[in-house]
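Q: Following the hints, put chain B in place on chain A, whose structure we already have.
Protein chains: 2
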Amino acid sequence: MIATESLSLSEIEDLAFRALVNAGTSEENARPLAVATAMTEADGVASHGLAYIPIYAQHVECGKVDGTAKPVVTLPRPAVVTVDAATGFAHSAIDLGFEKLIPLARELGVAVLAVNNSYNCGVLGVHTQRLAQAGLLGIGFTNAPASIAPSGGAKPVVGTNPFSISAPDADGNAALLIDQSASTIAKSEVMKHAREGRPVPEGWVLDANGQPTTDPEAGLKGSMVPSGGYKGVGIALTVELMAAAMAGAALGSVASPFSGTAGGPPKTGQFFIAIDPQATSGGLFQDKLAELIDSVRSQDGARLPGDGRKKCREGAAKKGVAVNAALLEKVRALL
Amino acid sequence: MIATESLSLSEIEDLAFRALVNAGTSEENARPLAVATAMTEADGVASHGLAYIPIYAQHVECGKVDGTAKPVVTLPRPAVVTVDAATGFAHSAIDLGFEKLIPLARELGVAVLAVNNSYNCGVLGVHTQRLAQAGLLGIGFTNAPASIAPSGGAKPVVGTNPFSISAPDADGNAALLIDQSASTIAKSEVMKHAREGRPVPEGWVLDANGQPTTDPEAGLKGSMVPSGGYKGVGIALTVELMAAAMAGAALGSVASPFSGTAGGPPKTGQFFIAIDPQATSGGLFQDKLAELIDSVRSQDGARLPGDGRKKCREGAAKKGVAVNAALLEKVRALL
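One line per chain: the protein sequences are A and B, in this order. Residue numbering for the first sequence follows my numbering, beginning at 457 and increasing consecutively. Residue numbering for the second sequence follows my numbering, beginning at 457 and increasing consecutively.
Extracted from the complex, chain A is given alone in its bound form (with noise of 0.2 angstroms):
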């Protein structure tokens, strides 16, 4: 039995603010920050909710992270924003971008946002979401060091680089929201079997030769199993082409480690892609979303990408959020 502690939303995201301001982040970049964090845990996210304030808080402090960097957001054509993050937070960077993101794709029926100069933006379904919440439908993609490898080959040259894609309702809620990565299974579970001294299960991670193995730590020396094998290598050369070459941010293949201190600024990207679904579908997109839900709902049994997320979100409005104890010991202490 793990000790926890109920806290609210509202809470999650003060305690948040305070820990990244108190290690030396502005406040303009902290609050998109703990607001998107208490998002994630709302969502039962924990791996990527407050459990990153300590790591964030560290960056701000060894220079990985500038906690002061001002982003600067430019129109360089009509339907296309573009941000440098100035080796920032993302979250204040994309939060900027969307102020110019969403009105423009309103008007024209499509816009694109790319962010370089970037940081980790945690749960990319967060930042679609909310263009969902804009009544658009986000299409999004952030690069990550390089953890998989080219088919036939055996070192990494890309991330387990998310995609995540917002579809909006009527209301205003993201009807259905995916957000996959390109690997079999999330790095952080792999550094968590690694830490905890456990193998992991096979078709996770290859060694540095491309071999299978249970190893984590060989795994991390090596690469993550791409999800569907060629195909999984095929989504993570597409997110890269998009938050990477697209964004003309650094590639993941020599982008610094998201983890720990050394390297400095990783300097990676977003890409989104805001689209009016009434423009492009001849007000006929509700009633095909809404056909396209029914259609999975009325099976037994059957889910929709982002279901156990939507459930975790409805009771953490109500009842608040259960937070690991020794976690949240670990967050305070940096107030």
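Hints should not be assumed to be uniformly reliable.
Identical copies look the same in the list; a pair holds intra-copy or inter-copy alike.
[To be verified] Here are the simulated DSSO-like cross-link-like pairs (lysine-lysine), alpha carbons at most 30 angstroms apart as the crow flies:
1) Lys-611 / Lys-767
2) Lys-611 / Lys-766
3) Lys-526 / Lys-556
4) Lys-767 / Lys-723
5) Lys-526 / Lys-677
The hints are simulated quantities; they were obtained by calculation from the structure and are not laboratory data.
A: Chain B alone, transformed into the frame defined by chain A:
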């Protein structure tokens, strides 16, 4: 040894064009489809090249596709092009849409094309490749009649739904082309095994109760295995959102089959996103793309998606394509 005859790409195009026109297709609808047929044979994807001409001809004759359809182009927003394919061939609808899409994407930085009331668009990468040839990054989605079940369910709700991304080099070629379906294997491979009365390998198909089977007939009555499990379902749903819901096209769950003569027009959809890489990357795109490609090419034995097709294409331009003699006889019988 299968008997073959060597044809040049223009001979393939001409043969396809005349067979389509002879079946009742208008010249303006037959030409783009004939060009794509030659491009597909050049890429070495014989399953979707001339092999489809007898099916297309049959579908014009039975009314599953309207050979004389006149697609209608609309611009509902400054950066949005929509095409009602009017139950005609996808290829001429996409071509008409691209005429508007390409200049808009260059001017605004991004534009989208949604096609509904459409049909099987053949190899998706043939279309996204043309966006790369125009100097744009192209992303494409196309949906198909349902053959993949949701996680936890057994009844298919989405097709093997491919997506494709094509990245331009500085000379107007597709430097990197990804084109992959959401299933472990193409449905056409299962149909081929069924015709030949051979069992399929485990992991290709599930029966109508969602249980693994090696019987291709049971698989065709059941469902296709999604690549990487629930993540393959996530890809299929992503494509369904874009090509059907966002385009206002028929969902895979209600679309008539792409094969056979029953059910009338499938009315499925396509969706394309075209982005100017120079605008979003601050001019860094070509350097980043070259660096990404080199990170793979510099590893012995490592491959990039599309390498196989590229090699075929280079050979085909010089030496033509070896076409199955029995198939050629079948196509020539249509003239």
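Q: Indicate, hint by hint, whether the structure satisfies it.
A: To see whether the hints hold, each was checked on the structure:
1. Within a single copy, Lys-611 and Lys-767 get their C-alpha atoms only as close as 39 angstroms, which misses the 30 angstroms cut-off; across copies the closest is 24 angstroms, which meets it.
2. Taking identical chains as interchangeable, the C-alpha atoms of Lys-611 and Lys-766 lie at most 30 angstroms apart only when they sit on different chains, with a minimum of 24 angstroms there against 37 angstroms within one chain.
3. Proximity of Lys-526 to Lys-556 under the C-alpha cut-off of 30 angstroms is restricted to the intra-copy arrangement: shortest distance 16 angstroms within a copy versus 38 angstroms between copies.
4. Taking identical chains as interchangeable, the C-alpha atoms of Lys-767 and Lys-723 are never at most 30 angstroms apart, the minima being 34 angstroms within one chain and 35 angstroms between chains.
5. When the C-alpha separation of Lys-526 and Lys-677 is checked against a cutoff of 30 angstroms, the pair qualifies neither within a copy, at 35 angstroms, nor between copies, at 58 angstroms.
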